[in-house]
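A.B. asks: Let the hints inform the model, and build the full structure from the sequences given.
Residue numbers (our numbering), protein chains in the order written: chain Z, 32 to 376; chain W, 40 to 366.
Hints are computed from structural coordinates only; laboratory data are not their basis. Fair warning: there could be bad hints in the mix.
Quick list of in silico lysine-lysine cross-link-like pairs, DSBU-like style, CA-CA up to 30 Å [claimed, not checked]:
#, chain 1, residue 1, chain 2, residue 2
1, Z, K296, W, K361
2, Z, K174, W, K335
3, Z, K296, W, K213
4, Z, K162, Z, K174
5, W, K335, W, K361
Listed next, the stretches of chain W that the computed footprint assigns to chain Z, with coverage defined by at least 3 CB atoms under 8 Å from CB atoms of chain Z [unchecked claim]:
#, stretch
6, 162-171
7, 214-227
The beta carbon of each residue, even a glycine, is placed where N, CA and C say it ideally should be.
Each chain, written out:
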Amino acid sequence: MTRLLEVRNVVHEFAVRGAGGVKGGIVHAVSDVSFDLDTGETLGLVGETGSGKSTLARCVVQAPRPKAGSVRFQGTELVGLRGGRLERARQEMQMVFQDPYGSLNPRWRVEDIVEEPLIGYGAGDSSSRRKRVRDLLDMVGLKPDVYGRRRPRELSGGQCQRVAIARAIALQPALVVCDEPVSSLDVLIQAQVLNLLEQLRTELGLSYLFISHDLALVKQVSDRVAVMHLGQLCEVAPAETLYRSPRHPYTVDLLASIPSLDPTKPKAFRRAVAAGEPPSPLAPPSGCRFRTRCPRAQDLCAAERPLLRDIGPGHQVACHFPEPVDGDDGATSTPSSDVSQFARH
Amino acid sequence: MNDTLLRVEDLHVRFDRGGQRVHAVNGLSYQLRAGRTLAIIGESGSGKTVSSRALMGLLPPTATVTGSARLDDVELLGLSEEDMRAHRGTDIAMVFQDPTRSLNPTMRVGAQIKEALRAHRRVDAAAAMERSIELLSMVRIPDPQRRYHEYPHQLSGGMRQRVMIAIALASDPKVLIADEATTALDVTTQAQIMDLLAELRSRLRTAIILISHDLGLAASYADDVIVMYAGRAVEYAPARILFAQMRMPYTRALLEAIPRLDRPSHALLPVAPGQPPDLMDLPPGCPFQPRCARAKVECGESRPPFVEHEVGHWWACWNPCKDGEPL
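C.D. replies: Structure follows, in structure tokens:
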């Protein structure tokens, strides 16, 4: 596989003013994040509200441009590119957003929405574009004759999301950045859209950067998963490895928080789940940013920021005292037992 | 049973809008005992929220509510607004999905709890403050004395939801309705709030109605589960029975569509096609029939009755799933 995307030491911060009693200062949204994505691969990016996962995704597509760091896409450095050159470099990089209604122009018809990127990049003449739009709508499971002339408010949330996906794949991108693409949908519609994304991935050879707060959902779609906490990656691993033997205490807590689907199982071994509140990105703790909620924290964690380091094949963790591998330590539960809860039924 | 607290029978809710009729809830019945948690599960538009708002008298004037909902010996439906106010908050309280919009941004947290306390009872200021701080610590807000004097924007989403729960518990309600109370929260926060509700339930013997789209929450936290589809209950059973012997194909479809950790990456989810039906134009037979993998001819012709087929286990289906049989 070839390297499609190379993200190095990306930093993004927002200045907030002290209005309405909110403390002013710098929000450290993304702090020194690096990762790679290969062609045809799906990387899941999982984290809680405020972890900076959406900001990171937007930094990848240069909207906004990151404060520091490098984003190489198909061998081209995007940071620093402007105007037409950035546009051309970005042609094969598209995005699907969370809010299906908010991301479609309410006054446009479905066919115009899907055609817009084709016009923007000067793809073909009017009649070939129209044909392409019909093909695209077919691909996402919307009958062009029924839905082409409708406007977003005449569609359900799931249908809107299909339109957004059709628009995203119109220019045959190599990478689609999906920012919580199904979290506002009901569970059956969510499954339909996930299946659609999966079919398109195999048919068109797409790569996804898939962002979600839902760990089980990310597992479903990803080859590799990166866990983000307060602007930093704390663990990156192949999907199966991450869920079988998570090593970062935060990953363990996240996995333990998933409600089990088996009522006969006791309500987990939840060790005072991520005790307390997540710290503010305005004033992240020194050293490891998870240490204030971490049961394994020691003095070193406050003094020194743990960097991502290799601890297994494709498995990296940013922790001074990672969780022992399954079975090493009876006192600490690992979610592998949690996985077995799901294995029944 | 003697300790039945809330008995809902044949609840119907209909909305009339410009000549159009929407039957949002069609004949919902259930019972709730003290100290138990009942989960009402369904998708958007299934009637789960409307049915619980009907109990609280919180529906707009366009809604017509019929049927019966007895809390102890009081019939809640048809009460005048004034009479309703005597029960709402004291006997039956509600926690909503969005804690940000449910709290008054211009009032300190403590004042909002005190308001709830003093709305129903004569309590002097000092006692109200003391009780408010006690409630804040009961919902496990650290440093309650300090938080008492803070504004909602100074709290995180999870803490705001704890404040909402404190307000709901202010007058010791017998029934607490949690309407998607953890949907807007992160998983770790959701786990904390659900653990808190479970603890309060066993400590205060409050009965909880958990309204959610998430079968996982029902499996982990509910004693009994009702699954609703297109305004009707389609399956009803104790959680242990429901998850062991799921009968209704719709419930199975919901369960199968949830991404699970034990499936390999990139596996397609088994999913029912189509969308929920239009409530203004329901098909004659089973409302789930057009999407159902087990549908037979009669499913499109007549509506299956909602009956107790096995002890404690109700469902509405002509061709229910059998044990161990695939969907």
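A.B. asks: Now look at each hint and say whether the structure bears it out.
C.D. replies: Hint-by-hint comparison with the structure:
1. K296/Z <-> K361/W: Holds, at about 23 Å.
2. K174/Z <-> K335/W: 27 Å, holds
3. K296/Z <-> K213/W: 28 Å, holds
4. K162/Z <-> K174/Z: 13 Å, holds
5. K335/W <-> K361/W: 15 Å, holds
6. 162-171: violated (count 0)
7. 214-227: holds (count 3)
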